[in-house]
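Sequence lines, in order, name chains A and B.
Going by numbering that gives the first Met the number 0, the first sequence wraps up at 221, each residue one higher than the last.
Going by numbering that gives the first Met the number 0, the second sequence wraps up at 309, each residue one higher than the last.
Since the hints were made in silico from the structure, they are not lab data.
Ideal Cβ positions, reconstructed from N, Cα and C, are used throughout, including at glycine.
Hints may be right or wrong, so weigh each one.
[Said to hold, decoys possible] Short, incomplete list of chain A residues facing chain B, as computed with Cβ under 10 angstroms:
(1) LEU126
(2) TRP127
(3) MET156
(4) ALA208
[As the list claims (entries may be wrong)] With a straight-line Cα cutoff of 30 angstroms, these simulated DSSO-like cross-link-like pairs (lysine-lysine) come out:
(5) LYS172(A) / LYS232(B)
(6) LYS172(A) / LYS71(B)
(7) LYS172(A) / LYS278(B)
(8) LYS215(B) / LYS43(B)
(9) LYS215(B) / LYS180(B)
(10) LYS186(A) / LYS14(B)
(11) LYS120(B) / LYS4(A)
(12) LYS37(B) / LYS258(B)
(13) LYS37(B) / LYS167(A)
(14) LYS167(A) / LYS235(B)
(15) LYS199(B) / LYS196(A)
(16) LYS256(B) / LYS190(A)
(17) LYS215(B) / LYS232(B)
(18) LYS196(A) / LYS14(B)
(19) LYS201(B) / LYS186(A)
(20) LYS186(A) / LYS205(B)
(21) LYS120(B) / LYS6(A)
(22) LYS201(B) / LYS196(A)
(23) LYS172(A) / LYS11(B)
(24) LYS275(B) / LYS237(B)
(25) LYS167(A) / LYS199(B)
(26) LYS190(A) / LYS213(A)
(27) LYS201(B) / LYS232(B)
(28) LYS167(A) / LYS36(B)
(29) LYS201(B) / LYS275(B)
(30) LYS190(A) / LYS201(B)
(31) LYS43(B) / LYS172(A)
(32) LYS71(B) / LYS275(B)
(33) LYS201(B) / LYS167(A)
(34) LYS190(A) / LYS215(B)
(35) LYS145(B) / LYS196(A)
(36) LYS37(B) / LYS199(B)
(37) LYS167(A) / LYS226(B)
(38) LYS278(B) / LYS196(A)
(39) LYS201(B) / LYS172(A)
(40) LYS14(B) / LYS167(A)
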Amino acid sequence: MIIAKKKPIEEIIGEVENFDRILILGCNECVTVCEAGGKKEVEILASALRMNFMAQGREKTIDERTLERQCDHEYLEEIRADIDKYDAIVSLACGVGVQFAAEKYLTMPLLPGVNTVCLGANEDRGLWTERCQACGSCILARTGGICPVSRCAKRVMNGPCGGSTNGKCEISKDVDCAWQLIVDRLKALDKMEDYEKVAPIKDWSTDRAGGPRKVTREDVKI
Amino acid sequence: MSALNTHSRLEKILKAGHLGVTSECGPPRGSDAEEVKKKGLLIKDYVDAVNVTDNQTAMTRMSSLAACIHLKLLGIEPVLQMVTRDRNRIALQSDILGAASFDIPNMLCLSGDHQSFGDCKSGQNVHDLDSMQLVQTVRYMRDEGKFLGGDAIKRPPKIFVGAAANPFADPFEIRVPRLAKKIACGAEFIQTQCIYNIDKFKEWIKRAADRGLTEKTFIMAGMTPMKSVGMAKYMKNKVPGMDVPDEIIARLAGVPKDKQAEEGVNICVEHIQELKEIKGVSGFHIMAIEWEEKVPEIIQRAGLYPRPQV
Ligand code: SF4
Ligand code: SF4
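Required output: the full structure, derived from the provided sequences and hints.
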């Protein structure tokens, strides 16, 4: 899923300072699961903003709403009838949701309430970690199911680099070395002979490098 | 080993069966070429070639290629170090051609320390290729006379290609397979990480020799003299992938502070003498970081001087 992190409240206050009628818009998908932008976080942010402006003696309308998904026309349409009631929307969806809403409501200021961090998993209670960078051409079959693109700090395709120490990456003792994990997996799979196959130079044109990506499927078009 | 592929003196020395000697020179954090030249001249007659580091520890410095040119013009043979951190395949190939245009005959391909260690922590890194793929690229450009894109190169680069190896990094069991991979990619010489744990290094090179790898590449043992017990502790605890046994620290701590540098040099010389006798060791790469003036002494005392004329 997409992992996001709440933006600092001071930053959001700064962004909404000049608006009087604000909608805080949550999303029921990834950001709910990673506890950054679901119904609960919408409530918390809305009350924090209300308290802040009340303390300054300022009257503002701060409404709450959470959609099933913000990256979907159908659900985003649900707020059309009410859109004129607001001067700005703070969206707690990932960057995709914020943009999709901005594209739909052309004249409505849309402010992000979270920082979108990565594609990752909920590794433990309160811990989300990156697993994929959507490189567009998955090589997991060759790397024991562990991704060196997203999990190696140098995207080394034939690792590990010389900095791997006690299973940790040279950048931090808190980060696993992806190549240690790959080697451990290859050993567990009894596939160590695969380690010596040289990974070819990667075609990054399917990655960010190739420009904005899209998937077109004639078979599912209406 | 095979016939010469380049005009590299280092290649000639190694292929003639002599122990090769290289050292290194870090370009300055400024544009004064005198600093590079001074360091180069200090070691000129004691080594076969001088590595020029490429923004090592991710600190921004004068470019490795420019510093190599300064050395080359003084008659010193450079080994151009190139990291994959800062350049994509266009820039890498372009710099390889630039180096070849000055007849810089050696290159060492590295991934480079992560930028978080340096002065541009908020910068991007590139890593379009990795270090093994860079070795492949140079070999392809040289041997096939082609760019990665497939077009022919007019006057292909004649470059003797090396890679680094760290016999001590984890996981240990893949250190030899990893060397095999680098050789398969075309690494003609290998310069190792600084060696302090002699037993572990011997174990590594024995395993490499058992697989016949030492017949396929020239392994140059990396040596860095310790200046003080503080440096030894720092290397042990702070430098990723470095293996400094406690005996080394104890030995340095056992002499007065003003004698520690001398003791560090003694250890270095003893290690070289010991490793000279080991099968598979083809030479030494002496990295006296900001201590270049000690290199001639180490090389002389280790019995590696005068350098053979080839
Ligand atoms: S290889 Fe690419 S697609 Fe596969 S997990 Fe890694 S980044 Fe994602
Ligand atoms: S230590 Fe491991 S994860 Fe970190 S950069 Fe090196 S190979 Fe990649």
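| Which numbered conditions among the earlier hints are violated in the structure presented, ordered from lowest to highest? | Violated hints: 1, 2, 6, 7, 10, 13, 16, 17, 23, 26, 28, 31, 36, 40; rest satisfied.
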